[in-house]
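Visitor: One letter stands for each residue in the lines below.
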Amino acid sequence: MGISSWLKERIPVSGDQLRELTNEPVPNHLRHWWFCLGGTPAYLFVIQIVTGILLAFYYEPSSRTAYNSVKYITDEAAYGWYFRSVHKWGATLMIAAVILHQMRVFFTGAYRKPRELNWMIGMCLLLLTLIAGFTGYSLVYEQLSYWGTTVGANIGASVPVVGDLSKQMLLGGETYNERTLSRLYIIHAAILPVLTIVLLGLHITLIRLQGVSELKFSSEKEGEPAHFNFFPDHLLTEIKIGLVLMILLSVLATVLPATLGPRADPLSTPEVIKPEWFFYVAFRWLKLFSGTFAVITTGFIVFTMFVWPFIDSFLRRRKGLEEASVWVGILAVLSIVGLTVWEAAVAH
Amino acid sequence: MSEHPETPVPPQEDGELDRRGFLARASAYAMGAGLVTSYGCFAAMAGRYLYPARPAPKAWMYVAEVAGFGVGSSLTYTAPDGATVAVARQKSAGNVDDFIALSSTCPHLGCKVHWEGQNQRFFCPCHNGVFDPSGAPVSGPPFEAGQSLPRFPLRIEGGLLYIEVGLEGLPTGEE
Ligand code: HEM
Ligand code: FES
Chain A
1 MGISSWLKER
11 IPVSGDQLRE
21 LTNEPVPNHL
31 RHWWFCLGGT
41 PAYLFVIQIV
51 TGILLAFYYE
61 PSSRTAYNSV
71 KYITDEAAYG
81 WYFRSVHKWG
91 ATLMIAAVIL
101 HQMRVFFTGA
111 YRKPRELNWM
121 IGMCLLLLTL
131 IAGFTGYSLV
141 YEQLSYWGTT
151 VGANIGASVP
161 VVGDLSKQML
171 LGGETYNERT
181 LSRLYIIHAA
191 ILPVLTIVLL
201 GLHITLIRLQ
211 GVSELKFSSE
221 KEGEPAHFNF
231 FPDHLLTEIK
241 IGLVLMILLS
251 VLATVLPATL
261 GPRADPLSTP
271 EVIKPEWFFY
281 VAFRWLKLFS
291 GTFAVITTGF
301 IVFTMFVWPF
311 IDSFLRRRKG
321 LEEASVWVGI
331 LAVLSIVGLT
341 VWEAAVAH
Chain B
1 MSEHPETPVP
11 PQEDGELDRR
21 GFLARASAYA
31 MGAGLVTSYG
41 CFAAMAGRYL
51 YPARPAPKAW
61 MYVAEVAGFG
71 VGSSLTYTAP
81 DGATVAVARQ
91 KSAGNVDDFI
101 ALSSTCPHLG
111 CKVHWEGQNQ
121 RFFCPCHNGV
131 FDPSGAPVSG
141 PPFEAGQSLP
151 RFPLRIEGGL
161 LYIEVGLEGL
171 PTGEE
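In order, the protein sequences belong to chains A and B.
For the first sequence, the working numbering begins at 1 and goes up steadily by one.
For the second sequence, the working numbering begins at 1 and goes up steadily by one.
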């Protein structure tokens with residue numbers, strides 16, 4: 001008996017059935033690579049898992065050991081600098097990719113009925129990725145990690161009602177203490193990845209159930225088939241995107257490797273403190289307004305983003321407001337870019 | 001035929017049906033409640049486990065002799081947890097209200113302020129908070145929110161000045 005028939009007896013599925021299962025018809029507009037940005041964060045997430053597990057072999061999460069273990073990874077472990085830098089650039093690109101993907105979904109109106117729930121799942125994925133970026137950076141235990149975590153936790157504490165509890169749960173005490181890093185670590189390397197996997201699974205299941213939303217380009221002739229096959233055509237596109245990303249990550253990691261600033265000093269705050277670039281928007285916002293007001297408005301904005309599909313459907317039923325979402329989107333993008341550039345340009 | 005007792009439903013009096021329906025529903029609810037209670041209990045225990053067990057330990061520590069502490073003079077006290085505390089004597093009444101002990105933790109978002117001798121002020125680099133020598137806010141977010149530098153509790157006993165400070169700090173410097 002050959003291997004294939006041996007296997008077939010134990011795993012009773014045929015090639016045709018497999019093809020049937022995976023072969024979702026893909027709308028033609030996905031021949032354009034910029035519509036495939038949704039696959040990019042997913043691919044980068046896999047990269048984060050692989051490099052994250054590699055880092056975890058040497059990383060030691062305690063205030064006495066964390067900094068030196070990152071130093072060891074960077075300076076001594078063979079290719080440690082490479083994996084650390086890929087993890088860091090992977091995080092940067094992943095956040096950028098999630099944002100770009102979300103902008104694509106927004107401006108093509110792909111969040112509209114019946115895809116409202118998937119938009120909300122996407123919002124959760126965005127928040128999870130941002131929190132992963134925040135907790136990951138805090139693990140390095142350099143000066144900015146430490147003070148970023150302290151300031152971040154205190155911003156959280158100014159949220160009405162649940163603020164103090166969330167700070168206590170994040171830090172494991174009133175302030176940064178001996179038991180803080182292990183918490184941040186388990187949140188970063190276990191809880192967030194597991195939640196992300198679950199939500200990604202739901203996200204993709206819903207896409208499969210509803211199909212990718214259709215778009216027509218004027219260049220397409222009438223009567224041509226509007227779909228092509230997931231397997232192998234679309235899979236090939238994704239493999240190509242994956243390779244390009246891997247090359248990009250390796251080049252970035254080599255040319256601009258992750259650096260290591262001075263070790264955390266709980267007794268002195270550096271002259272200039274900044275979060276990572278993806279929090280510049282929120283950081284500038286917090287400097288513009290007094291604490292509680294800024295925190296409440298931030299929460300309100302995030303909530304609005306969550307329920308946008310419903311606001312949008314309400315607006316589209318009013319005369320003259322049908323296209324409002326485009327203008328809101330443009331305004332939002334401009335404000336985000338504006339606040340980010342502003343924060344990047346000044347020291348304080 | 002009937003392997004499952006509930007499959008064949010012979011014509012029955014209403015009372016019989018109600019009782020069966022009631023029993024089935026009651027047992028489903030009971031089971032649901034049992035599941036919720038047991039897993040809920042587990043979740044509550046996990047929540048309590050994760051909630052920080054105890055506040056950081058504190059103790060009263062000796063700072064200086066009151067008699068030798070001139071009015072207008074100040075000293076820097078270093079607590080066991082590493083915190084540096086500016087202790088100053090402002091009056092000569094001889095009681096504890098003569099003294100202030102300022103924390104260097106900014107009341108805004110927790111950064112460390114430092115003393116700028118040439119400007120006679122405490123400065124917080126995070127959002128440009130400024131405090132006068134007594135810890136009152138002068139400008140920046142702490143001023144807008146009316147937050148002074150926190151003070152450590154002081155006590156005089158037998159002519160000696162004591163301060164209540166934290167005992168456990170994070171390690172500083174290379175280990
Ligand atoms: C959701 C995806 C993830 C994102 C966005 C992310 C992001 C980050 C970031 C920004 C850093 C700081 C990098 C630096 O400055 O050196 C970091 C560090 C770290 N991450 Fe992740 N991470 C993710 C997933 C994971 C996973 C799944 C693991 C492990 C199973 C992991 C393990 C680590 C470790 C051990 C460090 C500390 C070592 C170091 O800084 O190089 N990460 N992460
Ligand atoms: S933390 Fe001191 S001014 Fe904000």
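Misleading hints may appear alongside valid ones.
Simulated crosslink set (DMTMM-like; lysine to aspartate or glutamate; CA at most 20 angstroms straight-line) [stated by the list, open to error]:
(1) Lys113/A to Glu343/A
(2) Lys287/A to Glu168/B
(3) Lys71/A to Glu60/A
(4) Lys58/B to Glu168/B
(5) Lys287/A to Glu323/A
(6) Lys8/A to Glu20/A
(7) Lys58/B to Glu174/A
(8) Lys274/A to Glu178/A
(9) Lys58/B to Glu178/A
What the hints contain is simulated information worked out from the structure, not anything from laboratory work.
Visitor: For a quick check of understanding: which of the numbered hints are violated here, in increasing order?
Guide: Violated: hints 1, 2, 5 and 8.
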